[in-house]
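Peer 1: Sequence:
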Amino acid sequence: MTDKRRIDLSVPSAARMYDWLLGGHYNYEADRTACQLLLRSAPTTRELARNNRWFLERVVRTLAAEHGIRQFIDFGSGLPTQNNVHQVAQAVDPQSSVVYIDNDPVVLAHGRSILDENDRTTIISADITETDYIFSHAEFKRLVDLSEPVAVLFISVLHCISDEAEPGQLVQRVVERLRPGSFVVLCQLVSEDPRLRQKVTELMLEQTQGHWGRVRQKQDVYDYFDGLAVQPPGLVDVTDWRPDSELRQRQRSIEWTEFGGLAEVPARP
1 MTDKRRIDLS
11 VPSAARMYDW
21 LLGGHYNYEA
31 DRTACQLLLR
41 SAPTTRELAR
51 NNRWFLERVV
61 RTLAAEHGIR
71 QFIDFGSGLP
81 TQNNVHQVAQ
91 AVDPQSSVVY
101 IDNDPVVLAH
111 GRSILDENDR
121 TTIISADITE
131 TDYIFSHAEF
141 KRLVDLSEPV
151 AVLFISVLHC
161 ISDEAEPGQL
171 VQRVVERLRP
181 GSFVVLCQLV
191 SEDPRLRQKV
201 TELMLEQTQG
211 HWGRVRQKQD
221 VYDYFDGLAV
231 QPPGLVDVTD
241 WRPDSELRQR
251 QRSIEWTEFG
261 GLAEVPARP
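Just so you know, the UniProt record's numbering puts 228 at position 228 of the sequence shown, and the rest follows in order with no gaps.
Keep in mind that the hints were calculated from the coordinates and are not lab data. Certain hints may be false.
Beta-carbon label-pair distances, calculated as ranges [claimed, not checked]:
(1) Q198 with G227: 51 to 57 angstroms
(2) P105 with E166: 22 to 28 angstroms
(3) A267 with L205: 37 to 43 angstroms
(4) D193 with E164: 44 to 50 angstroms
Note that the structure is a prediction, hence the values are computed from the model and not measured. Each residue gets a CB set at the ideal place from its N, CA and C atoms; glycine is no exception.
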């Protein structure tokens, strides 16, 4: 069921490309080359990646400090960097639990080496669309009590899922398992320029050998949030989602944006 791909360092991965854009060290020549090609089409992609990472920090801190969330499920967690979900959440409450999910072999290897010493955190090897497998996993059940509120994170990952895999249905399947009072964080790459969407989508499909979805539009993100209670300030460029300091320079991405926000799972009729 889960992805058993061998590590082929000649094929770029979206996770390792993101790591390079953030100034990380878990990337290889193929990833760096692919990033340089991407930057030719979208020169401010590095700024986009940084703004998205800062959004993750702010939204997790908000969920932990203001909404009292102590359980986090991070779909498509990517490579470890500074201020990961568990570090931000556990700074508020050390007993916060975090389940990371990814299928990139490099992500899994580096993630496990870091998380082995933290018994409130784990990483599950799975394709994020394998919801039955994920929710029945022993490590998931050890750390997550679905009778209590949970925060589910789909941060900069749904554009990696093809239309055939139905990312909207994935979100719906996950939400159906959550009790009211839980939260969903979601953002993905969008552009209203059809030429850019096509160019970047084709580039990423070619570079990752098909392990990619497509750049979508804002309306797609609105559709993902259907039936959820979107929290202020609404669905926005994540750069503008409750910025915590004017001292942190916010250079905007121009060609495309990470668009999304935070929503609560409402009481069911």
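Peer 1: Please go over all the hints and tell whether each is borne out by the structure.
Peer 2: For each hint, the structure was consulted:
1. A C-beta distance of roughly 30 angstroms is found between Q198 and G227, which places it outside the suggested range of 51 to 57 angstroms.
2. Checked against the hint of 22 to 28 angstroms, the pair P105 and E166 passes, with Cβ atoms roughly 25 angstroms apart.
3. Distance hint for A267 and L205: a CB-CB separation of about 41 angstroms, consistent with the stated range 37 to 43 angstroms.
4. Between D193 and E164 the beta carbons are some 24 angstroms apart, a value that contradicts the proposed interval 44 to 50 angstroms.
Of the numbered hints stated above, those contradicted by the structure are hints 1 and 4, listed in ascending order.
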